[in-house]
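So the protein lines, in turn, are chains A and B. Residues in the first sequence are numbered consecutively from 1, following the working numbering. Residues in the second sequence are numbered consecutively from 1, following the working numbering.
Treat each hint with caution, since some may be false.
Each pair may be met inside one copy or between any two copies, as identical chains are not told apart.
[Said to hold, decoys possible] Cut-off 27 angstroms, straight-line C-alpha distance, at most; resulting in silico cross-link-like pairs (DSSO-like, lysine-lysine):
#	residue 1	residue 2
1	Lys129	Lys193
2	Lys129	Lys166
3	Lys96	Lys17
4	Lys96	Lys71
5	Lys309	Lys273
6	Lys212	Lys309
7	Lys273	Lys17
8	Lys102	Lys71
9	Lys315	Lys273
10	Lys193	Lys325
11	Lys57	Lys189
12	Lys325	Lys190
13	Lys166	Lys102
14	Lys166	Lys315
15	Lys103	Lys71
Just so you know, these hints were derived from the structure itself, not from any lab.
2 protein chains.
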Amino acid sequence: MRISAEAERQFLEAVFKAQQFNAQDGALLADTLVDADLRGISSHGIQRLDWYTRMMKDHVLEPTHQPEVVKETATSLLVDANKSMGQIASGFTMNKLIEKAKKMGLAMAVIRNSNHFGTAGYYSRMACKHGLIGISTTNTRPLVVPTNALEAFLGSNAFAFTFPAKPHPFVFDGATSVVSSGKIQVLAKKGEKIPGDWAVDENRHVLHDAQKVEDNLGTIAFSAHRPGGGVLTLGGQDEVNSNYKGFGNSLIIEILTGILAQGSLSADTNVGKHDFSQFFMVIDPSVFGDLDVLTANVSDMFDRIRHLKHLPGTKIMIPGDREYKHYDENLVQGVSIDDKTIAEMQAIGQAYGVPVPAAL
Amino acid sequence: MRISAEAERQFLEAVFKAQQFNAQDGALLADTLVDADLRGISSHGIQRLDWYTRMMKDHVLEPTHQPEVVKETATSLLVDANKSMGQIASGFTMNKLIEKAKKMGLAMAVIRNSNHFGTAGYYSRMACKHGLIGISTTNTRPLVVPTNALEAFLGSNAFAFTFPAKPHPFVFDGATSVVSSGKIQVLAKKGEKIPGDWAVDENRHVLHDAQKVEDNLGTIAFSAHRPGGGVLTLGGQDEVNSNYKGFGNSLIIEILTGILAQGSLSADTNVGKHDFSQFFMVIDPSVFGDLDVLTANVSDMFDRIRHLKHLPGTKIMIPGDREYKHYDENLVQGVSIDDKTIAEMQAIGQAYGVPVPAAL
Chain A
1 MRISAEAERQ FLEAVFKAQQ FNAQDGALLA DTLVDADLRG ISSHGIQRLD WYTRMMKDHV
61 LEPTHQPEVV KETATSLLVD ANKSMGQIAS GFTMNKLIEK AKKMGLAMAV IRNSNHFGTA
121 GYYSRMACKH GLIGISTTNT RPLVVPTNAL EAFLGSNAFA FTFPAKPHPF VFDGATSVVS
181 SGKIQVLAKK GEKIPGDWAV DENRHVLHDA QKVEDNLGTI AFSAHRPGGG VLTLGGQDEV
241 NSNYKGFGNS LIIEILTGIL AQGSLSADTN VGKHDFSQFF MVIDPSVFGD LDVLTANVSD
301 MFDRIRHLKH LPGTKIMIPG DREYKHYDEN LVQGVSIDDK TIAEMQAIGQ AYGVPVPAAL
Chain B
1 MRISAEAERQ FLEAVFKAQQ FNAQDGALLA DTLVDADLRG ISSHGIQRLD WYTRMMKDHV
61 LEPTHQPEVV KETATSLLVD ANKSMGQIAS GFTMNKLIEK AKKMGLAMAV IRNSNHFGTA
121 GYYSRMACKH GLIGISTTNT RPLVVPTNAL EAFLGSNAFA FTFPAKPHPF VFDGATSVVS
181 SGKIQVLAKK GEKIPGDWAV DENRHVLHDA QKVEDNLGTI AFSAHRPGGG VLTLGGQDEV
241 NSNYKGFGNS LIIEILTGIL AQGSLSADTN VGKHDFSQFF MVIDPSVFGD LDVLTANVSD
301 MFDRIRHLKH LPGTKIMIPG DREYKHYDEN LVQGVSIDDK TIAEMQAIGQ AYGVPVPAAL
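Next comes chain A alone, as it looks inside the complex:
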């Protein structure tokens, strides 16, 4: 069913208030989920609420905790999220980095003891609003099988890169693996098949049953038991098509997050501390040239690419095109929510005394 984005926001803010988040934190948290649903990234929208709520019950996430700066230089920040929500620590950190980058040309930060932060693109877009380049990454639960491996170790390790452009910013935002677990979760919730080579079993054979994969990933990610299989690296099943490049990209994010922040590796978040780490960078492109010129040049390049000869019946889309189109459409038609998520919202709404919005 579809509900209005505004109704989704009110529902979420009321739930987060009942869950003891302060008003500012609850508003940010709600905004990140509504924003994802508006952009058609439903894997990172309100369908995560049920998981977030379970995290509070498990005390992996503490709604009243606040992030704090552990170490700081003119160009860097090390932040301890103190088990606050990833969105809260990330918003806090990005705002500080934007100020630093405006003064110093560029700045970077790592966060430890953090949680899931929603879409990576949310924070890189914050930088973009100031004419700055934003980079945003996180490690995750263990999900991804390295090249030739039969078991998961890496996280899906999202990476976002945003650059000012017209008519909308360039927003590259996604898991470094073939897909995020959220994308498989959404298919499983809808009872649909996996259409590509996304996940493998303990023998590295490709699986297409989304529910089976989702169950397996759930065991890997949320228990001490590590059955084989998991999500593939970008490049797919075989070395011959350079899947070690996707593996390398995922490893780089693992280094920038868990290693630099001295938090847990994705591989170890299934037990113990369950902490995630994040890495952010902000770059001021105007140290190299006039921002208006750079923006015009990059926008021209995108237009040329959009108009290249292409396969009949397809479109060439620049990263961001799809999500800004969905954003405009969903602001009018409402955000689409699957039946299983609606059921979860009803249970949570009941527990916290918050009515679920009516269908549009």
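Here the structure of chain A is known, so what remains is to put chain B in place on it, guided by the hints.
What follows is chain B alone, placed relative to chain A:
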């Protein structure tokens, strides 16, 4: 045939001296090619000498020119290579960035009016020798077809990321596309087939004839004519396996190089200025934690990954494992050079009065 790395170096230095490079520039240029051949990256070794020599004749590359700093802040550099060789401008820039990063925690640079710079990893490894993280990227001639496109636009846009580790640094180094054009060139020179889904024709059908692909790429990259087809983005032929992520990665490099440096796009280097742009970054990880601890932690992680359960008959290799193994082996057994490259070396040796080294 195989020749000793030392003999390769002497041959190259003598040729570069005859080509009017000064001794320091010639030595650096030779070192980058010998280093690539030692590491088994023959696509970026001495087999490029013939192309480099043609670039001088076409005045795309000017051996006596030197790079200069156009714009500088405490954390950034904009360098004009002045048509000097990519290696020379890149070495010059990386040395300055290393000093800046030691003072400021991180620093970045772009170079314009540059040329091919060899392997991206050479410069990121320079940072690693100082306990710093190195990032190194370049745009290239147009070679790569965006998602759904039938014609090339992007470069193969190499990206290297290096992090201090034991027993050797983590060195991720490669084209953002499925493969570099050099890899196809090497197969064509050997008369071998393309083993995977690397390149497509004007209808986006996969091609396996390396010579046919090499001829097509040559036309695309070196003439005003743009026949269809080219190299695929990482993720392969179809959107369903997220080839738009490989496309996005390539676009990010295009933005960081041609756009930020205000040089040509890869798409436009086939005609006119033929200039490439590079982007570099150096990060001091010790602003976040003790370097010895970080190095130990990352090395532990790599060891855990190397020992994951894996497909029988395969190995799990961390980026850098293969090239450091080749380096040690080739230092003893000599570097392997294909027959066509030997013939090119003979012609060049004759033209400049430099004898070609004997086979080991």
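For each hint, the structure was consulted:
1. Lys129 - Lys193: neither (38 angstroms within a copy, 48 angstroms between copies)
2. Lys129 - Lys166: within (12 angstroms within a copy, 41 angstroms between copies)
3. Lys96 - Lys17: Within. Shortest intra-copy distance 25 angstroms satisfies the 27 angstroms Cα cut-off; inter-copy 51 angstroms does not.
4. Lys96 - Lys71: both (13 angstroms within a copy, 26 angstroms between copies)
5. Lys309 - Lys273: Classified as between; 25 angstroms across copies, 51 angstroms inside a copy.
6. Lys212 - Lys309: between (39 angstroms within a copy, 21 angstroms between copies)
7. Lys273 - Lys17: within (25 angstroms within a copy, 60 angstroms between copies)
8. Lys102 - Lys71: So Lys102 and Lys71 pass the 27 angstroms test inside a copy (20 angstroms) and across (17 angstroms) alike.
9. Lys315 - Lys273: Neither. Shortest intra-copy (44 angstroms) and inter-copy (31 angstroms) distances fail the 27 angstroms Cα cut-off.
10. Lys193 - Lys325: This pair counts as within: shortest intra-copy Cα distance 26 angstroms, inter-copy 42 angstroms.
11. Lys57 - Lys189: within (23 angstroms within a copy, 63 angstroms between copies)
12. Lys325 - Lys190: within (23 angstroms within a copy, 48 angstroms between copies)
13. Lys166 - Lys102: within (21 angstroms within a copy, 36 angstroms between copies)
14. Lys166 - Lys315: So Lys166 and Lys315 pass the 27 angstroms test inside one copy only (18 angstroms; across, 46 angstroms).
15. Lys103 - Lys71: both (18 angstroms within a copy, 16 angstroms between copies)
Going through the hint list in order, the structure does not satisfy hints 1, 9.
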